[in-house]
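Chains as they are written, first to last, in this note's numbering: chain A, 19 to 351; chain B, 19 to 351; chain C, 19 to 351; chain D, 19 to 351; chain E, 19 to 351; chain F, 19 to 351.
Just so you know, the hints here were simulated from the structure itself, not pulled from any lab data.
These numbers come from a predicted model, not from an experiment.
There may be inaccurate statements among the hints.
One copy or two, it doesn't matter: identical chains are merged, so the pair holds either way.
The list that follows gives simulated cross-link-like pairs (lysine to aspartate or glutamate, EDC-like), each with its CA atoms no further than 16 Å apart [to be verified]: (1) LYS339 - GLU320; (2) LYS339 - ASP277; (3) LYS339 - ASP52; (4) LYS339 - GLU284; (5) LYS186 - GLU222; (6) LYS339 - ASP185.
Here is how the chains run, residue by residue.
There are 6 protein chains.
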Amino acid sequence: MTDTRLPSPIASTVPFDRDGVHHGFLRLPYSRDDSAWGSIMIPLTVVRNGDGPTALLTGGNHGDEYEGPIVLFDLARTLAAEHVRGRVIIVPAMNYPAFQAATRTSPIDRGNMNRTFPGRPDGTVTEKIADYFQRTLLPMADIVLDFHSGGRTLDFIPFAAAHVLPDKAQEERSFAAVAAFGAPYALRMVEIDARGMYDSAAEEMGKIFVTTELGGGGTSSARTVSIARRGVLNVLRHAGIVPGPVEAAPTQWLDMPGDDSFLFAEQAGLLEPCVDLQAAVAAGQVLARIHTMDRTGAAPVELRARRDGILIARHFPGLVKPGDCVAVIGVPA
Amino acid sequence: MTDTRLPSPIASTVPFDRDGVHHGFLRLPYSRDDSAWGSIMIPLTVVRNGDGPTALLTGGNHGDEYEGPIVLFDLARTLAAEHVRGRVIIVPAMNYPAFQAATRTSPIDRGNMNRTFPGRPDGTVTEKIADYFQRTLLPMADIVLDFHSGGRTLDFIPFAAAHVLPDKAQEERSFAAVAAFGAPYALRMVEIDARGMYDSAAEEMGKIFVTTELGGGGTSSARTVSIARRGVLNVLRHAGIVPGPVEAAPTQWLDMPGDDSFLFAEQAGLLEPCVDLQAAVAAGQVLARIHTMDRTGAAPVELRARRDGILIARHFPGLVKPGDCVAVIGVPA
Amino acid sequence: MTDTRLPSPIASTVPFDRDGVHHGFLRLPYSRDDSAWGSIMIPLTVVRNGDGPTALLTGGNHGDEYEGPIVLFDLARTLAAEHVRGRVIIVPAMNYPAFQAATRTSPIDRGNMNRTFPGRPDGTVTEKIADYFQRTLLPMADIVLDFHSGGRTLDFIPFAAAHVLPDKAQEERSFAAVAAFGAPYALRMVEIDARGMYDSAAEEMGKIFVTTELGGGGTSSARTVSIARRGVLNVLRHAGIVPGPVEAAPTQWLDMPGDDSFLFAEQAGLLEPCVDLQAAVAAGQVLARIHTMDRTGAAPVELRARRDGILIARHFPGLVKPGDCVAVIGVPA
Amino acid sequence: MTDTRLPSPIASTVPFDRDGVHHGFLRLPYSRDDSAWGSIMIPLTVVRNGDGPTALLTGGNHGDEYEGPIVLFDLARTLAAEHVRGRVIIVPAMNYPAFQAATRTSPIDRGNMNRTFPGRPDGTVTEKIADYFQRTLLPMADIVLDFHSGGRTLDFIPFAAAHVLPDKAQEERSFAAVAAFGAPYALRMVEIDARGMYDSAAEEMGKIFVTTELGGGGTSSARTVSIARRGVLNVLRHAGIVPGPVEAAPTQWLDMPGDDSFLFAEQAGLLEPCVDLQAAVAAGQVLARIHTMDRTGAAPVELRARRDGILIARHFPGLVKPGDCVAVIGVPA
Amino acid sequence: MTDTRLPSPIASTVPFDRDGVHHGFLRLPYSRDDSAWGSIMIPLTVVRNGDGPTALLTGGNHGDEYEGPIVLFDLARTLAAEHVRGRVIIVPAMNYPAFQAATRTSPIDRGNMNRTFPGRPDGTVTEKIADYFQRTLLPMADIVLDFHSGGRTLDFIPFAAAHVLPDKAQEERSFAAVAAFGAPYALRMVEIDARGMYDSAAEEMGKIFVTTELGGGGTSSARTVSIARRGVLNVLRHAGIVPGPVEAAPTQWLDMPGDDSFLFAEQAGLLEPCVDLQAAVAAGQVLARIHTMDRTGAAPVELRARRDGILIARHFPGLVKPGDCVAVIGVPA
Amino acid sequence: MTDTRLPSPIASTVPFDRDGVHHGFLRLPYSRDDSAWGSIMIPLTVVRNGDGPTALLTGGNHGDEYEGPIVLFDLARTLAAEHVRGRVIIVPAMNYPAFQAATRTSPIDRGNMNRTFPGRPDGTVTEKIADYFQRTLLPMADIVLDFHSGGRTLDFIPFAAAHVLPDKAQEERSFAAVAAFGAPYALRMVEIDARGMYDSAAEEMGKIFVTTELGGGGTSSARTVSIARRGVLNVLRHAGIVPGPVEAAPTQWLDMPGDDSFLFAEQAGLLEPCVDLQAAVAAGQVLARIHTMDRTGAAPVELRARRDGILIARHFPGLVKPGDCVAVIGVPA
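Whole structure, please, built from the sequences with the hints as guidance.
Right, here's the structure in full:
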């Protein structure tokens with residue numbers, strides 16, 4: 019059984035409480051076949067200027083989602099201490115081994131960072147990173163912005179989001195930060211199973227937590243990067259860490275879909291999308307078809323919408339497997 | 019040394035010269051560890067109705083390109099013999115092992131089908147398939163339509179294309195078929211190194227050869243599938259095989275860019291796209307930046323356009339390696 | 019530490035308590051690199067007709083054993099509700115990822131299903147499946163029939179079996195069900211280390227539990243499939259779920275061998291079997307020889323029987339490794 | 019282009035022309051990542067006693083077939099020079115890397131030895147071995163016995179065989195050697211495509227060539243090993259190399275089936291064998307069924323015999339892929 | 019949760035309490051895809067001659083360190099019972115699966131044996147081995163000698179070592195045994211994080227524990243093997259188990275360096291060592307340079323010593339990754 | 019069949035005939051699954067200053083040998099044009115994919131660069147690189163220096179070498195360059211099988227060709243790097259390209275050993291070196307022992323020297339396989 023009071027094996031090579039811009043690493047010792055006394059070096063920047071709130075900014079929670087890492091590597095390089103009041107902690111690639119491998123989960127332990135909280139100091143590499151966020155970084159933060167996109171296997175319309183929370187004051191502060199982000203869409207999320215999520219870990223500490231889905235497919239675009247760049251600055255402005263007004267942008271609020279908004283494949287095959295993202299769809303409409311791959315002449319299986327709404331997410335790869343989520347429908351608020 | 023007069027080991031399970039719709043396989047014996055007397059079964063449909071021209075329609079020349087397979091599996095199922103005058107030979111997934119694996123090249127021999135022609139009857143699996151097209155299928159055809167998209171690692175604006183050819187009459191017939199296809203863009207291609215291409219094999223036999231690039235990223239969309247579906251019918255109508263007029267669609271012609279239209283990465287890193295597909299670009303404009311992944315605080319490398327034009331292709335994955343093609347600029351005709 | 023009161027993440031797509039034949043899936047969400055919002059879909063059939071006892075029938079506990087899946091996929095398709103009084107729950111491939119991969123253990127987590135009970139709702143994929151059987155399916159059952167064979171690396175004479183149990187009434191009911199099965203052989207098993215077994219999980223709940231070993235080698239035969247088919251119907255008849263008398267078949271009872279019945283290899287090499295399954299053997303007799311593979315001229319190592327009996331199991335692959343079980347001797351009752 | 023007059027890089031560590039028993043190796047230099055100056059050491063035994071005919075005995079042409087290696091490692095150890103008149107050259111595992119890996123083909127180059135002849139001295143490892151047999155060992159031989167079984171993916175009734183040959187005197191000598199072998203079955207083979215076979219290489223030099231199929235499944239049995247052991251001695255006696263009369267054994271001759279004797283799968287799935295080896299079958303009879311693996315309730319595909327005869331070979335693994343050979347029917351002579 | 023009172027699944031095939039030389043195995047049942055009823059057989063020798071102290075000698079704690087296994091396989095073969103008073107238990111390759119694979123950690127579960135103590139009887143293979151040492155072998159021992167070297171990725175000057183301990187009498191006995199070993203260097207180690215170490219497990223039971231680092235690089239040399247051979251005999255003499263005086267050898271004592279003795283890489287690249295092992299170094303001196311691999315013309319990064327001393331360890335492979343330990347400086351006592 | 023008059027697909031990004039220092043790449047297009055339009059970028063530096071001789075300097079012919087790449091990356095960065103008369107072409111890592119992977123051969127095609135000459139313009143990646151050297155770079159050179167070391171699996175005493183050649187004037191010029199290099203040892207090599215070597219390709223064009231073996235084990239040392247650094251400058255001075263006198267260093271000349279100088283393993287096992295590099299050895303002396311790994315108590319196999327001399331090379335890894343070269347003996351001239 020784990021003694022969770024063990025210290026974390028991770029050490030930061032930069033200070034968290036000194037003014038200035040500090041580029042460095044979270045150094046996590048990792049002994050392995052190809053390096054007996056090796057470490058994982060997770061890039062980190064701390065920008066501090068006197069007292070004030072702390073924002074914790076993260077990308078690469080999943081290793082194949084790119085808008086977050088792009089704008090956070092860029093922000094870490096360009097944000098001067100004098101731009102800031104308080105502190106900004108930037109970890110552009112949280113699950114760093116996954117980010118290096120361009121995979122959702124860690125190639126070391128197949129850990130899905132967003133299902134690993136609160137982590138363990140004596141667990142796997144992914145668990146050790148989660149534990150460091152749980153016990154060291156999250157407690158320092160007032161506001162947390164965690165960038166996600168769909169990764170290699172999903173594609174999303176670009177939105178920022180926060181959870182419906184039991185503490186309505188905390189929820190209101192979170193939705194206000196989502197609004198400040200200024201993505202084209204904004205989502206009020208109800209999480210059915212929040213076990214192990216970074217989101218929940220932060221929310222249970224009473225933090226303001228903003229997350230996003232800004233595209234997907236294991237790539238990014240000039241458009242989604244610019245949404246992310248504006249969003250992170252807006253959140254810092256909203257939090258009073260960076261001076262100046264939030265840059266306004268039109269946002270469509272969506273409500274969290276229920277179970278009938280998700281379509282899952284029950285067959286393997288070649289996926290034909292019949293509707294693209296952002297389109298309005300009606301219950302009964304064919305959203306996609308699955309073609310048999312091993313012979314010609316066989317009729318495809320049709321997947322039909324089970325409710326009205328707009329298409330907010332879809333399966334990305336050309337082939338599909340049984341159990342894959344093929345489409346998600348959202349409902350304008 | 020190969021005796022190219024050896025017969026192909028591939029046999030079709032359906033006839034090519036009988037009227038009606040015939041679904042079957044190209045059966046290629048392939049003895050291996052997991053099947054001593056195994057075969058590769060490449061799906062095939064032949065639709066024939068009396069005399070007339072023959073169209074050879076192919077997808078999956080590269081295994082991770084999906085518009086072609088989707089519309090060809092669909093066409094094979096829905097095209098009735100009475101719709102046709104002459105013959106349509108449909109091979110929805112030419113490099114079938116690659117198509118099953120969702121990879122550009124064959125998982126068996128890493129063969130890139132489009133660099134393998136004329137193939138060999140006693141070579142690798144990919145070479146045997148190429149040889150069968152070279153010596154059996156291509157000679158049957160009057161017009162050849164070979165679907166491509168960008169695959170997992172490239173993304174294209176949707177275009178149909180044919181090559182600038184020494185035989186100007188053949189070239190003119192080919193460009194007419196490209197125009198009939200009716201994609202949003204059309205490209206006059208100059209191939210610098212055409213060794214081993216299916217295109218060249220067909221063109222050297224005097225066939226009309228139309229190819230496409232209809233998107234990419236290892237996925238497809240409702241939009242690109244509809245372009246492909248209209249295109250294949252238009253080409254069959256244009257060839258007089260399917261009755262009725264070509265469905266008109268606006269097309270922007272582009273000229274084949276020279277060497278200064280290609281941008282290659284010289285660094286590995288995180289790729290930030292600064293311009294999206296279809297945008298107009300000017301010489302000197304930053305098209306993309308490459309961020310160092312192993313530390314914060316380092317300046318990104320900028321990749322600048324070397325000529326004016328529009329962005330017609332880009333690197334797709336979020337990470338980039340030295341030598342990868344990052345961007346291609348086309349020039350409106 | 020696991021809170022075992024967490025709900026299972028697995029949901030059935032079919033009801034357990036409605037009359038009729040219901041084909042569907044146990045859907046287990048499984049987020050991974052190749053499907054961010056993917057699931058494992060374990061095929062399931064529930065056949066119910068009013069009140070009466072419940073039989074739980076399972077194959078594919080190990081993924082490379084085939085008699086069970088063959089007869090259970092077949093039974094699921096052919097068993098009409100009107101044939102039944104009570105309920106039959108059929109899961110033809112319990113460790114479904116292993117079954118798809120044709121391996122004993124799960125390719126996802128290398129989980130050996132039969133050493134994973136009682137499982138965990140927040141554990142690995144195999145642990146989640148075990149937990150669902152432990153807390154959802156087993157409690158519904160009166161009688162449990164779990165098909166095994168030797169898999170790729172062992173071969174068995176065909177037998178049904180049950181455990182010697184502390185509750186002699188339960189034991190008697192179990193042996194009666196074994197007798198009803200009607201395999202050529204029947205075994206009274208004493209399990210030295212029953213930790214983690216599905217058998218023990220069921221027995222500890224007081225269920226009648228019948229298991230089998232019906233062949234092996236990662237294949238099946240017409241003969242062993244027919245034994246399995248008769249056996250499952252006999253067990254359902256014996257339980258009063260399917261009407262009609264048990265189909266009688268001659269059975270030789272065997273007693274559970276002790277430690278001296280097992281022969282283990284201490285050398286790697288080429289295995290020469292000197293006795294085939296079902297043969298009578300005498301203590302001291304050479305059952306197998308191991309030949310050195312890296313040179314000619316070396317004497318083989320002989321493995322000799324340590325007791326009289328008949329050969330009931332043997333190592334299957336042509337090569338052997340130190341520690342492999344080479345032969346097992348059973349004793350006629 | 020290969021200059022086939024290059025010398026082979028393979029050297030024998032034992033002499034071929036000195037009397038006595040010589041255990042050693044064919045040493046094939048093989049520079050690779052894990053051994054810059056490494057070699058492959060193929061075990062070899064030469065037993066010679068004065069002038070007389072030479073028999074070349076080989077196993078492991080495919081690396082997962084075991085009756086040959088077992089009896090040849092054993093014969094190499096036990097055959098004394100004084101038992102012999104002439105010479106016996108024994109290579110128990112011809113494709114030695116495949117034999118070590120327990121796979122049909124070489125793990126180094128995926129070479130199928132029996133499709134690699136005449137090989138190349140400057141080719142892959144498998145090609146170098148084939149070239150050594152082609153240019154060094156086969157020319158020394160008068161009679162060649164090459165052991166095969168079905169390997170991991172096929173199972174055969176036990177038979178010895180030779181080819182129908184253009185030279186009827188050579189054919190007659192070959193069939194006489196097959197008869198001497200004394201397997202339960204004997205087959206007159208017509209090879210449709212003999213390119214690359216060891217058999218053809220030997221036959222084209224005018225050698226007597228006997229081959230076998232003695233079981234399969236990647237294992238062996240006491241029964242099939244005893245058939246092989248008797249067979250090799252019978253062939254040596256028949257050739258006059260080992261003294262004494264051939265040990266008679268009842269043999270059923272079979273004729274080489276035509277195309278309608280082979281059944282191939284067109285679906286992937288779970289294979290249910292409906293008939294076992296050696297059984298008589300009638301045209302139209304269901305020999306096997308293929309069950310869908312991804313759902314319950316779907317009807318299986320039936321594979322029916324296309325002619326009368328007996329079942330002489332079958333697919334071995336529990337799962338089947340499109341293109342796999344499922345069954346072969348032979349016809350009693 | 020683990021009940022640590024479960025018995026170990028490991029059984030010794032030889033007795034620990036009978037006089038004589040006993041060669042055998044620790045047999046650990048390990049069911050897996052390639053052996054359903056397989057085991058891991060860890061070689062073991064017990065030499066006993068009446069009452070007296072027990073020495074437990076181990077190599078292969080990490081699987082790519084060779085001086086220990088060489089001298090312990092040799093000692094196991096050559097140590098006669100009459101040479102001994104008391105008992106010597108020899109396990110030449112503690113993490114046997116790692117030793118077979120020539121890797122630091124186990125190929126089965128990637129377990130680092132020296133971070134796995136106290137292990138678990140129902141855990142992974144590595145945990146089961148650790149548990150057996152923890153609960154069975156260590157309690158039998160009076161003195162423990164565990165051989166290490168640098169493995170594939172580190173190289174060390176040859177030293178024996180023991181830990182600075184809270185119990186100064188135990189510490190003194192341990193340093194006396196280190197002195198007896200007689201390596202060219204001897205180290206007083208302070209372990210910053212001793213969680214999971216075999217060393218700590220033994221020390222917490224009050225045992226005398228001697229460890230070594232005798233070279234590295236995944237190889238050994240005649241020189242380091244001779245140091246190991248003399249060392250093990252000296253320790254047995256020192257313990258009174260083997261008669262005769264310790265063979266004296268000059269030893270330089272070193273003190274355990276602090277954090278400023280370690281140099282870590284922050285860049286990937288080609289490593290140029292500027293100082294060799296055993297050399298004296300001064301603070302500020304360049305110990306190594308890291309050259310960029312992807313382009314010429316870039317300046318290398320210099321790694322400078324942070325304190326005076328001698329170079330006692332270095333990174334071994336030609337390439338280096340961020341986080342790798344590049345150099346360690348020791349301080350003569 | 020290859021038309022060797024095809025142009026190479028490789029293009030240099032820098033000019034060969036312009037004065038100054040030019041850092042760039044040999045760009046080799048390489049389409050593959052993870053980059054449809056990708057390239058391999060082989061770093062290259064050309065330093066030119068007016069007319070004069072051309073030296074071609076190469077490392078990384080084998081990808082796990084480091085002295086060459088270290089001093090050549092360093093020289094490329096530090097060599098100013100004004101230091102030079104004539105031209106220096108530097109390719110620090112010839113088999114660049116192998117160098118990146120730290121393996122002897124290319125991870126793409128397993129090509130051993132030094133057995134691939136003259137290569138092919140339409141072959142594998144390794145063949146394309148060889149062809150570019152054969153037809154483009156070698157013809158430009160007057161003197162060629164190609165750095166080797168033992169790589170991961172061999173270790174050498176440090177020497178420079180050239181071949182005994184049919185053209186004695188060419189041989190004399192080559193040995194003079196070897197002498198100028200100034201390594202501790204110098205070797206007159208007789209190549210038994212020179213097929214495919216870079217050495218032969220250069221020598222057949224009449225070039226002066228110097229090679230080295232400067233250590234091994236997949237690492238380097240300050241000592242061997244300094245030998246390489248002095249050597250390359252000495253060769254450039256000797257050639258008149260860099261001004262100033264050759265820096266003298268004591269060199270022991272050795273003669274090329276015959277077959278009896280090589281010792282090969284015939285067993286797998288744990289290798290105990292009994293003699294270290296540079297030691298004098300006598301015929302009959304035990305140079306190494308091979309211990310069985312799978313049991314204690316077995317006698318090791320001894321490998322004895324077959325001639326007098328000094329140990330100039332040895333197997334490096336701790337384990338050995340049948341066919342590995344264990345030791346090489348050289349003879350002082």
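Verification of the supplied hints:
Taking the shortest alpha-carbon separations for LYS339 and GLU320, only the intra-copy value of 14 Å comes in at or below 16 Å, while the best inter-copy value is 26 Å. Taking CA atoms no more than 16 Å apart as the test, LYS339 paired with ASP277 passes in neither setting, with 20 Å inside one copy and 36 Å between copies. In this assembly of identical chains, the alpha carbons of LYS339 and ASP52 lie at most 16 Å apart only when taken from different copies (10 Å versus 35 Å within one copy). In this assembly of identical chains, the alpha carbons of LYS339 and GLU284 lie at most 16 Å apart only when taken from the same copy (7 Å versus 20 Å across copies).
In this assembly of identical chains, the alpha carbons of LYS186 and GLU222 lie at most 16 Å apart only when taken from the same copy (13 Å versus 47 Å across copies). Taking identical chains as interchangeable, the C-alpha atoms of LYS339 and ASP185 are never at most 16 Å apart, the minima being 39 Å within one chain and 46 Å between chains.
In terms of the numbered hints stated before, the structure departs from hints 2, 6, listed from lowest to highest.
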